[in-house]
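Asks: Produce the entire structure from the sequences given, and follow the hints as far as they go.
Residue numbers (the working numbering), protein chains in the order written: chain X, 73 to 971; chain L, 4 to 465.
A portion of the hints provided could be inaccurate.
[Unchecked claim] Label-pair ranges, simulated between beta-carbon atoms:
#1 L/Asp153 - X/Gln208: 55 to 61 Å
#2 L/Asp153 - X/Glu256: 35 to 41 Å
#3 L/Ala70 - X/Glu258: 42 to 48 Å
#4 L/Gln340 - X/Val260: 52 to 58 Å
#5 X/Thr478 - L/Gly287: 56 to 62 Å
#6 X/Pro957 - L/Ala180: 22 to 28 Å
Because the hints were derived from the structure by calculation, they are not lab data.
All C-beta atoms in this analysis are idealised placements derived from N, C-alpha and C, irrespective of residue type, glycine included.
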Amino acid sequence: MAKIHVDGNTYEVNGADNLLQACLSLGLDIPYFCWHPALDSVGACRQCAVKQYKDADDKNGRLVMSCMTPASDNTYISIADDEAKEFRETIVSLLMTNHPHDCPVCEEGGHCHLQDMTVMTGHHSRDYRFTKRTHQNQYLGPFIGHEMNRCISCYRCVRYYRDYAGGKDLGVFGSAANVYFGRETEGVLESEFSGNLTEVCPTGVFTDKTHSERYTRKWDMQFAPAICTGCAVGCNISPGERYGEVRRIENRYHSELNGYFLCDRGRFGYGHANLKNRPTHALVREGDSFVTKHRGEGVNLGAQLLKSGKTVIGIGSPRASLEANHALRSLVGAGNFYSGASAQDASLTALCLKVLREGPVPAATIKRIDQADAVLVLGEDTLGTAARVALALRQAARGKLQTMSTEKKVPDWQAASAADIAQHELNPLFIATPMATKLDEIAAATLRADADGLAALGNAVAHALDASAPAVSADADTAALAQRIADTLKAAKKPLIVSGTGCGSAAVIEAAANVAYALAKLNAETAISLAVPEANSLGLAMFGAPDLDAALARLNGQEAVVLVLENDLSRRASASALDAAFAQSTVIAIDHQQTATTATAALVLPAASFAEGDGTWVNFEGRAQRSFQTYDPAYYDRHVATQESWRWIAQLRTALGQPAWSKLDEVIADAEAAIPALKGIAQAAPNAEFRIDGAKLARAPQRQSGRTAARANIFVHEPKATQDPDSPLAFSMEGINSTHAVERPAALIPFAWSPGWNSPSAWNKFQAEVGGAMKGGDSGVHLFRHNGAAPYFPLRAAGQDGLRLLPLHQHFGSEELSAKAAPIQERTAQAYVAINVADAQRLGIEHQSQTRVEFGDYSLSLPAKVRVDLPAGSVGLPAGLAGIPPLVAGAAVRLGKGG
Amino acid sequence: MSLRSATDPNYQKPLTRLIDVAAGPLGLAGYEAEGGYRALKTAVKELQPQDIQARVKDANLRGRGGAGFPTGIKWSLIPMGPDAGAKYLVCNADEMEPGTFKDRLLMEQAPHQLVEAMATAAYAIGAQTGYIFLRGEYVVAAERLNRAIDEAKAAGYLGKNILGGAWSFELYVHTGAGRYICGEETALINSLEGRRANPRAKPPFPQIAGLWGRPTIVNNVETLCNIPHIVLNGADWFKGLNQGKSKDGGTKLYGCSGRANKPGVWELPIGTSARELLEVHAGGMRGGKKLKAWLPGGASTDFLLPEHLDLAMDFDTIAKAGSRMGTGLITVVAEDQSMVSAVRNLEEFFARESCGWCTPCRDGLPWSVKLLRAIERGEGVPEDIDHLAKLTRWLGPGKTFCAHAPGAMEPLQSALKYFRAEFEAGLAVNHIPKEGDACILPDHGEGPKAAYAKERMKWVNA
Ligand SMILES: Cc1cc2nc3c(=O)[nH]c(=O)nc-3n(C[C@H](O)[C@H](O)[C@H](O)COP(=O)(O)O)c2cc1C
Ligand code: SF4
Ligand code: SF4
Ligand code: SF4
Ligand code: FES
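Replies: Laid out in structure tokens, this is it:
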């Protein structure tokens, strides 16, 4: 701690910070541009100047950049000093010399850091009377617009894109007053984290193209604290809605998870919520087509089907909320409830759950991954399965910068100096995966092997760490690498093991667990991170329900009524297996998407998308998080029947004469009571009774004009905003806004806004220390604590020989819902088959030639990618892409030439 | 005494005594015959690195790159000892300061002197690798330095186990791509590493974390060329070279450019007056014109007036007069030259050469250029002069990321101080025809000049 004196007041601050961060954390406003809490200081923009005095008696002082000056004990500064103020105003006037002043047509307008800082410095008249330099803009792909004339050359974009995210195709060109931030030639930005440019750029150079297409100002949108369903990391998001459409997704700060950054799948994959072909009414099958029915009719029909006397089973979903799954389970009875995950996904996820819940090693948060100083990645290409982890692994490697700069007594927030000192030094990252990954370029060593080889390496590392771990016979190279990895992990302060369900192998997960267990005996700081298949896979696993394959076995062509919850079964089981099992079944599908399953249903009940309903999700570290509804679709069209799945089920129960829940909190309480493993999910967010100063919390920013008039095109009398019985949030802008109450829980902040802070920089105002934890504590609740000890997993017998299927998880296209978004589709590869070069030569298959791929009931014709990095015997197929049926890792495959 | 040394029998011009421009530079044999590489031999065979550092410190050699920082103190910050690891010596030969061409002479005409100097200095700081960061346009210097390096290497003055000792030193010439900012020592280091030539934040200073993150000393060509002579002749001899003209020691390569009769560069005792440079060595002003103003040492120094001509050209004396000695090569402006045009020309250079990293410099310098162009055309508005003055304040020391912009403001601020009337004459308001004047201003634009003229004519006609 340190005492600093600011304009005559004395404050206690974190002495390790710079003055800018310290002052912002105190709530004192200093304008800034080049500094960013995740990117630290480089002193480029000169906007953050304050007057520093030698001591209490110094009356002259000198201007310093607060971001470049340590907040050391007994520092005397003035923010209000006239010279400092004039200088700061001058900096804005200089930045604006080339800015086009096009705020009215700029997508950044209204949530623009440059606008806010301009107002903050009091620069309100233009005194530059000459011509401005202009730039050409570039096409950067489907996600991001480029308007270089708005650039203020703060260098944040390149510092984020290159230094932080490891991108290579965005750079700074030119010099002097003609610096250009873009690609060498125009084209699609390659990084899977490019969307963060829209928030990192303090002005409107990089903007969200998916938003531009249906643009709405921030103050005209309605938001909610929501959770991304793109994967199981559970990044916190702030979807913005207008006229019943999601208009964009912005990052919602969470210090332990996403921090300031999302992946592009999460940010741009929301289009499924806006699809015009979504079911919005109860759909009743009549012959080959569906007739549209009102909500009540749908419920009655559903109740009739359920009462038919046939067997009723429920198939849940790892992409539905805990509440929806629980509601289904309680409707059909625990004995008739199936998780809806494939047998392989379910068993691998259960294994991950076992490791996390019963093992001695805690699950790593993203922040903990950032901080790791040695990492072993075993089997998982996190870019495809838990992308935010991949970005965090880059920070783990870059952590060496901090260590090396600290050794030279340079504060770690001196970003450029740290990089100058560390040069290309990185913390060790060992990557053992079936195929090359993008992170390989920062790896200390890589290994390409199939599941058996990866498991062997892992177990060899575990054994090298602890002789009581199962011994494995490995070849000399593997043994040497294992010893090197073991020595490195042993020497680390915060070692981390990363694995998951991605390569479809229990042996790999167990080997990773063995390494973590062995290491944990030596170092209590050991952490593990396991990627699981889908957003709520781990939560669903906690139900302990049998899987989809068990449901199919149970159905076995018998007569039954099957309630399928938010699940496209065709993605999880082969068409022939489904056809056989469902031969005599009547399907009631509750979903927010049209799928192959809804197409076969007798009744489709339209469920709420992530933006239309509340629910709780358990992420990959066992953290339950509540995602809140952004908008009520019925507000714009009262005939729309869409509602949360659990509400449909509650109404079915009522129609069946069973007691039912009327509010979310009741479902949650019921779930906690019925499933002990879920105990605690209520604490994921305050319940619906929570109030601040007696008021609910507004979902929309304040406008001066009172109500929204959002429906004036339909009828000029604006109806009362929808009342929300399920959460402490109010629709529209009625209620508590902005930072207001210090104790405001993080789980209830729909959007970042504070007086004078309209851009995402407003998160500053909600944080206890800028860039650190939220004032009200970070949101979510861990449902389990790791245990003290667990036995090692025994070695497994090697898998079978011959060509075996390997699912390849793609960042774009493998996840079901985001794959429906048009801009994601633009980035999704065409289906292909990846074949090891020796296998290809043996079979006479040439690169890019059309190849026959046969497994199970399937026979596909796909272009071949002949690869040297794929282990012999592995046949890679991009999971989930159009034309690729459900994949079972390890299944036997036959390959042949030609289509 | 051999042939070339004979021109300087008393060893009063150590840096240039072996230079004979007509005959060209000495090769290795010639240089050795004149006593070359004796300093390196003495150093490696007889002296400890610390001894050399002490001699340089005692000599109070001040950096000739422009800032006059004491070389001995700079060197004393570098970690020494067996655990110090890789260290680098970098010679700053970027020499792009307008009006400065002294290092060029030393490199083209006495390449072996620089090679010996670098080897000796590297030995003193324990560096294993050296780079000469050379201005790209200095093609002749590059060729001659490379040849000298090859010869020195073949003779065992460079490379592994120099002169049979334990110490090894590799020396490379790296040519820049022609950016003034590459002369700023940390931008130079970035450029050498293959990065954008943006300066680095200090601290850490290069002595602690420089090239490739390792301890690095950056010295100017002229600074380094003094080292062998100090090693051979000692600190007291070096101090005495000033012939009592200054409290600094040594000689200085001075020069003169601009409207002088015989522009050139000369090695003279440090503290020689500018009047001597102009009137004796440069043969006075061309065409018998009167001197109006002069820059003491490059474009990034404040203008001084004829009344300052008798000041000793050393770091402290010129600083007291409100300027900087800089590189010590003066630039003279004649009475009939426009100060506005002169400054506009300089600011165009500085604006172009900004690295583009920090706001005041990147966006402020082009603004100053536009203001100066407007004034030069007689289209200034009264606020323009205030704006220029404001820029000189907000682009000053401490406000920008490096010293480029403050340097750029020096000629502007001093021109405004001494020649404000010339700037005021460029305001459109002062071109408005008086009553009875014929309207001489062509009214073919909507610029302020035209606007003022129109206003004025309305008033005249009313
Ligand atoms: C914009 C700028 C340009 C510079 N250009 C040169 C140069 O061309 N040559 C040089 O020796 N020093 C130049 N310097 C000074 C160097 O940064 C550094 O101070 C010098 O090389 C140190 O050497 P010395 O101690 O031997 O003088 C420049 C400084 C600035 C700010
Ligand atoms: S594009 Fe944006 S982030 Fe990049 S330098 Fe310009 S203003 Fe800064
Ligand atoms: S990492 Fe996963 S949870 Fe986070 S934004 Fe991407 S898809 Fe969403
Ligand atoms: S003052 Fe700033 S913009 Fe100018 S050269 Fe130095 S760092 Fe670059
Ligand atoms: S924020 Fe401090 S210089 Fe840019």
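Asks: Could you run down the list of hints and mark each one as holding or not?
Replies: Hint check results:
1. L/Asp153 - X/Gln208: 55 to 61 Å: 47 Å Cβ-Cβ, so the 55 to 61 Å window is violated.
2. L/Asp153 - X/Glu256: 35 to 41 Å: holds (37 Å)
3. L/Ala70 - X/Glu258: 42 to 48 Å: holds (43 Å)
4. L/Gln340 - X/Val260: 52 to 58 Å: About 55 Å separates the Cβ atoms of glutamine 340 of chain L and valine 260 of chain X, which means 52 to 58 Å holds.
5. X/Thr478 - L/Gly287: 56 to 62 Å: About 60 Å separates the Cβ atoms of threonine 478 of chain X and glycine 287 of chain L, which means 56 to 62 Å holds.
6. X/Pro957 - L/Ala180: 22 to 28 Å: Given about 56 Å between the Cβ atoms, the range is violated.
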